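With chain A fixed as given, assemble chain B with the ligands onto it according to the hints.
Letter by letter, the chains look like this.
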Amino acid sequence: MRIMVPVKSVAVPDEEFELTSDGLDIDPDFLDFTSNEWDPFAVEQALQMVEAAGGEVIVVTVGGKEAEEALMAALAMGADRAIRVDIAVAGFDPLAAARHLAGVVAREAPDLVLCGVQSSDAAHGATGVALAGLVDYPHIAVVKSIASDPAGYLTVGRELEGGVVQQMEIRLPAVLTVQSGINDPRYANLRAIKQARGKPLEVVDPASSGLEGAAGRGSGPRLRQIYELKDRASAEMIRGGPREVAERINEIIAEALR
Amino acid sequence: MAGTLVIAEHRRGELRQVTAEMLTALRGAGEALAPTKILLVGAGVTALADQADIPGVDEILLCETSAEHFDPWSVENAIAAVIAAEQPRLIAFGHTVDAMSVAPALAAKLGRELTTDVTALRDEDGAIVVERPIYGGRLFAELELPGEGPIVTIRPGQFDAAGASAARAGRRVVDPQGAAESSPICHVEFLEGDTDQIDITTADFLLAVGRGIGDEDLDRYADLAGEIGATLAVSRPLVDSGQATGARQVGQSGKTVKPRVYLALGISGAPQHLAGMRDADCIIAVNQDPDAPIFGVAHYGVVGDLHEIVDELVPAPD
Ligand SMILES: Cc1cc2nc3c(=O)[nH]c(=O)nc-3n(C[C@H](O)[C@H](O)[C@H](O)COP(=O)(O)OP(=O)(O)OC[C@H]3O[C@@H](n4cnc5c(N)ncnc54)[C@H](O)[C@@H]3O)c2cc1C
Ligand SMILES: Nc1ncnc2c1ncn2[C@@H]1O[C@H](COP(=O)(O)O)[C@@H](O)[C@H]1O
Numbered sequence: 001m002r003i004m005v006p007v008k009s010v011a012v013p014d015e016e017f018e019l020t021s022d023g024l025d026i027d028p029d030f031l032d033f034t035s036n037e038w039d040p041f042a043v044e045q046a047l048q049m050v051e052a053a054g055g056e057v058i059v060v061t062v063g064g065k066e067a068e069e070a071l072m073a074a075l076a077m078g079a080d081r082a083i084r085v086d087i088a089v090a091g092f093d094p095l096a097a098a099r100h101l102a103g104v105v106a107r108e109a110p111d112l113v114l115c116g117v118q119s120s121d122a123a124h125g126a127t128g129v130a131l132a133g134l135v136d137y138p139h140i141a142v143v144k145s146i147a148s149d150p151a152g153y154l155t156v157g158r159e160l161e162g163g164v165v166q167q168m169e170i171r172l173p174a175v176l177t178v179q180s181g182i183n184d185p186r187y188a189n190l191r192a193i194k195q196a197r198g199k200p201l202e203v204v205d206p207a208s209s210g211l212e213g214a215a216g217r218g219s220g221p222r223l224r225q226i227y228e229l230k231d232r233a234s235a236e237m238i239r240g241g242p243r244e245v246a247e248r249i250n251e252i253i254a255e256a257l258r
Numbered sequence: 001m002a003g004t005l006v007i008a009e010h011r012r013g014e015l016r017q018v019t020a021e022m023l024t025a026l027r028g029a030g031e032a033l034a035p036t037k038i039l040l041v042g043a044g045v046t047a048l049a050d051q052a053d054i055p056g057v058d059e060i061l062l063c064e065t066s067a068e069h070f071d072p073w074s075v076e077n078a079i080a081a082v083i084a085a086e087q088p089r090l091i092a093f094g095h096t097v098d099a100m101s102v103a104p105a106l107a108a109k110l111g112r113e114l115t116t117d118v119t120a121l122r123d124e125d126g127a128i129v130v131e132r133p134i135y136g137g138r139l140f141a142e143l144e145l146p147g148e149g150p151i152v153t154i155r156p157g158q159f160d161a162a163g164a165s166a167a168r169a170g171r172r173v174v175d176p177q178g179a180a181e182s183s184p185i186c187h188v189e190f191l192e193g194d195t196d197q198i199d200i201t202t203a204d205f206l207l208a209v210g211r212g213i214g215d216e217d218l219d220r221y222a223d224l225a226g227e228i229g230a231t232l233a234v235s236r237p238l239v240d241s242g243q244a245t246g247a248r249q250v251g252q253s254g255k256t257v258k259p260r261v262y263l264a265l266g267i268s269g270a271p272q273h274l275a276g277m278r279d280a281d282c283i284i285a286v287n288q289d290p291d292a293p294i295f296g297v298a299h300y301g302v303v304g305d306l307h308e309i310v311d312e313l314v315p316a317p318d
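Protein sequences appear in the order of chains A and B. Take 1 as the starting number for the first sequence in the numbering used here and just add one per residue. Take 1 as the starting number for the second sequence in the numbering used here and just add one per residue.
Derived by calculation from the structure, the hints in this document are not laboratory data. As the structure is a computational prediction, the values presented were derived from the model and not from experiment. Some clues are possibly wrong.
[To be verified] Simulated DEER-style distance windows between Cβ atoms:
id, chain 1, residue 1, chain 2, residue 2, range
1, A, M237, B, A127, 46 to 54 Å
2, B, T201, A, A151, 20 to 28 Å
3, A, A88, B, E124, 24 to 32 Å
4, A, M237, B, A167, 42 to 50 Å
5, A, G162, B, G44, 19 to 27 Å
For each residue, glycine too, the CB sits at the ideal point set by N, CA and C.
Okay, chain B solo, but in the shape it has when bound:
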């Protein structure tokens, strides 16, 4: 029982960035979690091996299956077989939509401990210690993971992505045991997201509003955005309730934005929202809750009622 097995995430022929971020997290955790093997599962993954040559990777395991696109069933079976053969001390996924379909079932089937949405990871005298949010990110918990080969899912965007490596890690082909049996799940097609007229990703100044606006009409904020020279963006609940279109949604399942100014009103700062805006140059957050996680990424914060402040905002200079 040694080392870490990183489950690489890839979609439509591209390795996803969270994979490199996990390597950064593991390098920060030090030698105790080394060596690191990275596992690629799916049809055609051999072609992705070069992308998986990330600093810190000691070996690349290639598991070719017949599933051309992700399906939880075949991926899970393949990973289970590799875990049994490799006996890693830790198994790491990204906390992503794919992992949410796989990691918990794997933990349940293999009798492993599971901790999701991990924001810090280290080894302390032989104990694997992680941090994760609780109560909607208003508090964080420090947890110790007992038992053999626990499974963690690591928050995307929390660690910088490691660049490509000059070194070449060894490649090894592993057998997709079980994954070949007929799956109860199959891919049908991909449907692209909203293709609307508005493009919030090119705006310099976003006025982003969340559920904190209360029962007020969103039009009020569309007008305000117009007055102050900003483009209106929203958090997910305003899209779910039909007040805004998906094109204005910032976050994991919406758009990723990097404006010069992101003025967030009444947005708590859930990880899926932060995923879309944490790299903005200047983030200003107004929230009445001093523990709102948005203050963890904001450059400037105001604890207060947004309604008292919006009337005083003036047009930004051109």
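Next comes chain A alone, as it looks inside the complex:
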């Protein structure tokens, strides 16, 4: 079984940050990049399935050099090889990454694509299912269990609101988006991290590699402005030292419970 896992390096703003001069994004000096919270669950799931049934795990990212962070983490966990499609995608277009991933699916023809449910910075919750639409694979989002069925089907548990699970059967090849908590992602030890550096990491230029992916018909939503929650937050802020603050909390609780 060939499993492709798209992974993303997400941007985490510092506690205090400044905006760029046009006011349309956070100044990159105030951003750190790390693996998207959901992606290790997808990588772990792929590794377990390939360990059980044979095959390979390919991890793919669409992004600049900083996106290799997520690829290296996945290789250290045990993925076989990595591909980076070298292009920056607009953070406001949930279809942008999917279009480039579609090119990789066309070349690699995986039996299964496992995405994360969402990315913790953009939080579109859309890339995997958009990719499925572009390559016409059956798809199910927010999957919390996967069991192999014989004969090209999987039985998956789709996590619904309120914790109810809908068990479904899906035909391969397919795209699933994997929910946190589906497994216990393995930690990569130092040796694995070193070994990861020796694994194949292919950087492809989407313009020249034939991996330009699905032609984008849209240009994505147009960003007009961004603003901080602070301006709209409703909370009455309690200030002071820890003791003062705690005393005030005690009072508020006593009042509210009276």
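Then chain B with the ligands, alone, in the frame of chain A:
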């Protein structure tokens, strides 16, 4: 190209509340997005038509398919056919688990723009303008949606649900084209969530802790809850890591609670968490990040290290 097509969400014979919330959002956006047609897809949806008579609905479209329970494949095909026939100016879903399985693929296949988790929606001189969170809700972006018939998914709980309407909207049966072909996906069964001993939904006072407690043992907070007369609740990461059971989880995929006091320590306030607690009578949030979205719903906020504060908390009066 006119009006809005709202995709009604229903599960096991009930229309879900987010459907009525979408109608409120659209009424707030004014005449420019009218008229509103609401689409019900699935087996037996004709029986749900009365539930879809929500203020602001101009027409109810009924698409009977053979799929008794949601499956992305048949729903997607049916919706695509209706979009082609009706040519709406805007297509609206709830930002729900069902929509996450359908809306992005539809946008991809139809070549439409997509914006998810929308928290505000309006028409400005002919432009559809939405707001959505970015960077985990620490900032919000205002976006303009170009192109024909863009698709949005609207955040559940963001708008009040409109009540039932006295007026009766027209009903129209639409053809489930394509949905009848054999689906690569089928429903097997529903499994109910955690049925544990603890019931956090009846507690008056919840002490809710999140990933902000760091490496500290959850037992420390279970003890604290006991000391101050609260019931312990948690955000999802503490369940995912096995420290707490699902019965204590507040949020979209956990429990919906409405205690008199919700004391949130080290919880950022992701939309899926807010979905479960935003209606609590008194929300007090402690977080070291002044931009944490939890402060958007809290009544009282403290910017600071939770560890410095917990030792000073005292028992609540009976
Ligand atoms: C389909 C779906 C369903 C979901 N369902 C749920 C659900 O039901 N419930 C749920 O909770 N989540 C749910 N989630 C996950 C959700 O998106 C968030 O990932 C989760 O709520 C984050 O939990 P958190 O706030 O504890 O952690 P984080 O988001 O990591 O926040 C930790 C916070 O602690 C603060 N902090 C850190 N240290 C300190 C300190 N010393 N003092 C004070 N503050 C500190 C930080 O500033 C930060 O704001 C769901 C996600 C999806 C995609
Ligand atoms: N730039 C990207 N490169 C590779 N995979 C991505 C990228 N963006 C999103 N994904 C995948 O899509 C999932 C959901 O992201 P999103 O749709 O942005 O919320 C992630 O967990 C990844 O699996």
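Status of the hints after comparison with the structure:
no.: 1; hint: M237(A) to A127(B): 46 to 54 Å; verdict: violated (36 Å)
no.: 2; hint: T201(B) to A151(A): 20 to 28 Å; verdict: violated (43 Å)
no.: 3; hint: A88(A) to E124(B): 24 to 32 Å; verdict: holds (29 Å)
no.: 4; hint: M237(A) to A167(B): 42 to 50 Å; verdict: holds (45 Å)
no.: 5; hint: G162(A) to G44(B): 19 to 27 Å; verdict: holds (22 Å)
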